[in-house]
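Just so you know, the sequences run in chain order A and B. Heads up, the first sequence is in this note's numbering, so the first residue is 1 and it goes up one at a time. Heads up, the second sequence is in this note's numbering, so the first residue is 1 and it goes up one at a time.
Quick caveat, the hints were computed from the structure, so don't treat them as lab data. Even glycine gets a Cβ: it sits at the ideal position worked out from N, Cα and C. Careful, some of the hints might be misleading.
Claimed, not checked - Below, a sample of chain B positions facing chain A; criterion: calculated Cβ distance under 7 Å:
1. A82
2. L99
3. V101
4. V105
5. A107
6. G108
7. A113
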Amino acid sequence: MARRAGQHDGAQVALLAVIALGGAIGAVARHAASLMLPVASGDWPWATLLVNLTGSALIGVLLVHVTARPGRHRLLRSFLGIGVLGGYTTFSTYAVDAVTLVAEGRPVLALGYLAVTAVGAVLAVAVAVAVTKAFGRTGRGSQ
Amino acid sequence: MTWWWVCLGAAVGAPLRYLTDRAVQRRLGAGLPWGTLVVNVAGSLLLGLVTGVAGQQTGDGALVAGVGIGLCGAFTTYSTFAYETWQLVEDGAAASAALNVLVSVLAGVAAAALGLVIGQLL
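The shape of chain A in the complex, shown without the other chains:
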């Protein structure tokens, strides 16, 4: 495929740069959460659960705003959605935490953790979207 104009490359570099910066900020917040909520071996991974549920709720809020105004602030929403929230939430720690719990002889806890996170995260998105939409309607209605 032929290379496109330099402007396109510049936009792509800017996009990757804001995603990198957002990812670093999100990962630092996740690491801070894991230090504030240390989990003993064989225990329920509270920090990862909290991070994944709050991150899922926040992406619901963000994407309602994006859908309401398509095409606006592309860099900002990639920074927040793909960068910050993507770096903040994690699937790999979730999977490794579950395997570690099984290895520590807590298979039921592992299954419960897997299910609660998955169902909880999808519900967090649903609730966040519904609440954000409701607030958006009230906001516009009062104007």
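Given the structure of chain A, go ahead and fit chain B onto it with the hints provided.
This is chain B only, laid out in the frame that chain A set:
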């Protein structure tokens, strides 16, 4: 140094997720959110490997903080996984949504276990 390793790893992992997601999605197309599935399973395998190799050592160096917490953490995502699953439900594809959760979780956990076992052997 730990924080810098986390930042550095995540600054690589997040754009890598975006590029991988797009490349996979272009090849496999719609139906299930394959891009997110691929990054989450691949990242789980890598973190399993890192955890297996690092063993009991409390790592704050390049391997655990940089590759584990930073890169694997930012390369994989739960927020996009949850959002895409919810979107399938909204689009009336509840079966696809359930399948997405089931396949992602089973493949992710299997990949993490495989990585751990291989890592411990290394």
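Hints, verified against the model:
1. A82: With a closest approach of 4 Å, the A82 of chain B hint holds.
2. L99: violated (13 Å)
3. V101: holds (5 Å)
4. V105: holds (6 Å)
5. A107: Constraint on A107 of chain B not satisfied, violated at 9 Å.
6. G108: Constraint on G108 of chain B satisfied, holds at 4 Å.
7. A113: holds (5 Å)
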